[in-house]
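Go by the hints and put chain B onto chain A.
These protein sequence lines are chains A and B, in that order. So the first sequence is residues 860 to 970, counted in our numbering. So the second sequence is residues 860 to 970, counted in our numbering.
Possibly wrong hints are sitting among the right ones.
Each pair may be met inside one copy or between any two copies, as identical chains are not told apart.
Distance condition first, Cα-Cα at most 25 Å in a straight line; then the derived PhoX-like pairs of lysine-lysine [unchecked claim]:
hint, residue 1, residue 2
1, Lys962, Lys934
2, Lys934, Lys890
3, Lys935, Lys949
4, Lys890, Lys904
5, Lys890, Lys866
6, Lys934, Lys866
7, Lys904, Lys935
8, Lys904, Lys861
9, Lys934, Lys861
10, Lys935, Lys890
11, Lys949, Lys861
12, Lys962, Lys861
13, Lys935, Lys866
14, Lys890, Lys949
FYI, nobody ran anything at the bench for these hints, they're computed from the structure.
2 protein chains.
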Amino acid sequence: MKAQDYKEMPLRPVQTDGAESVSMRWLISQKEAPNFVMRMFEVAKNGHTPLHSHETEHEVFILEGQGELVYENEKKPFRTGYVVYVEPNKMHQFRNTGESTLKFICLIPNN
Amino acid sequence: MKAQDYKEMPLRPVQTDGAESVSMRWLISQKEAPNFVMRMFEVAKNGHTPLHSHETEHEVFILEGQGELVYENEKKPFRTGYVVYVEPNKMHQFRNTGESTLKFICLIPNN
Numbered sequence: 860m861k862a863q864d865y866k867e868m869p870l871r872p873v874q875t876d877g878a879e880s881v882s883m884r885w886l887i888s889q890k891e892a893p894n895f896v897m898r899m900f901e902v903a904k905n906g907h908t909p910l911h912s913h914e915t916e917h918e919v920f921i922l923e924g925q926g927e928l929v930y931e932n933e934k935k936p937f938r939t940g941y942v943v944y945v946e947p948n949k950m951h952q953f954r955n956t957g958e959s960t961l962k963f964i965c966l967i968p969n970n
Numbered sequence: 860m861k862a863q864d865y866k867e868m869p870l871r872p873v874q875t876d877g878a879e880s881v882s883m884r885w886l887i888s889q890k891e892a893p894n895f896v897m898r899m900f901e902v903a904k905n906g907h908t909p910l911h912s913h914e915t916e917h918e919v920f921i922l923e924g925q926g927e928l929v930y931e932n933e934k935k936p937f938r939t940g941y942v943v944y945v946e947p948n949k950m951h952q953f954r955n956t957g958e959s960t961l962k963f964i965c966l967i968p969n970n
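Chain A with its partners taken away, still in its complex shape (with noise of 0.2 Å):
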């Protein structure tokens, strides 16, 4: 069992090719579980995520700030409280697109 203040857990940069300002937390991880695993990700002012594709789908949902998807060919703009559901092999970035730090979780399976 594990109930803890996420502000508890390293913040670390990601430095994936294409990662803009991005930060990540493991929540819960395939250490501790068995399916699929959470985590926190901060993205800063102007900041966004690499524009890629993968085999695993993404269950996000948006604690602060607002943004945009870019998904294939399109743009989707989201803010606190949207939820995001991101098929597997499809390309997608979230962009911050306010002032404020974007923070969102964003769960996978583990493969």
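For chain B alone, kept in the frame of chain A given last:
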């Protein structure tokens, strides 16, 4: 792809035995997602989820409010920003111990 405010999604009472003043929204359902699903629970003041156990683990993020996790023979307090992981087959219950509505997202695997 989905990008939608959770407040637009239907909120329905949970009528499971042992649930008290609990409502739920399906945020990402089995129809959309192959591996795991996202629900949001709202527990009114003095309310609680059932005290029970089952084979599916829970991955939880506390969005608003404060409460207490009953877990086997322990009690663990939580508040906004807490991450909670409940292993499979462990007795557990989420209780609202605050003055306002407790809101959390809870993800479980598809079986």
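Hint check:
Taking CA atoms no more than 25 Å apart as the test, Lys962 paired with Lys934 passes inside one copy only; the shortest distance there is 19 Å, against 29 Å between copies. For the homomeric pair Lys934 and Lys890, the shortest alpha-carbon distance between copies (23 Å) is at most 25 Å, but the shortest distance inside one copy (35 Å) is not. Taking identical chains as interchangeable, the C-alpha atoms of Lys935 and Lys949 lie at most 25 Å apart only when both belong to the same chain, with a minimum of 14 Å there against 40 Å between chains. With identical chains, the CA atoms of Lys890 and Lys904 are never at most 25 Å apart, being 32 Å at best within one copy and 35 Å at best between copies.
Only within a single protomer do Lys890 and Lys866 lie at most 25 Å apart by alpha-carbon distance; the minimum there is 20 Å, versus 33 Å between protomers. Taking the shortest alpha-carbon separations for Lys934 and Lys866, only the inter-copy value of 21 Å comes in at or below 25 Å, while the best intra-copy value is 31 Å. With identical chains, the CA atoms of Lys904 and Lys935 are at most 25 Å apart within one copy only, with a shortest distance of 18 Å there and 35 Å across copies. Taking CA atoms no more than 25 Å apart as the test, Lys904 paired with Lys861 passes between copies only; the shortest distance there is 24 Å, against 31 Å inside one copy.
Proximity of Lys934 to Lys861 under the C-alpha cut-off of 25 Å is restricted to the inter-copy arrangement: shortest distance 12 Å between copies versus 36 Å within a copy. For the identical chains of this complex, Lys935 and Lys890 are inter-copy neighbours only, at 22 Å across copies versus 34 Å inside a copy, given an alpha-carbon limit of 25 Å. Proximity of Lys949 to Lys861 under the C-alpha cut-off of 25 Å is restricted to the inter-copy arrangement: shortest distance 12 Å between copies versus 33 Å within a copy. When the C-alpha separation of Lys962 and Lys861 is checked against a cutoff of 25 Å, the pair qualifies both within a copy, at 21 Å, and between copies, at 18 Å.
For a Cα distance limit of 25 Å, the shortest separation of Lys935 from Lys866 across copies, 17 Å, qualifies, whereas the shortest one inside one copy, 29 Å, does not. In this assembly of identical chains, Lys890 and Lys949 lie within 25 Å of each other by CA distance solely across copies; the values are 18 Å between and 27 Å within a copy.
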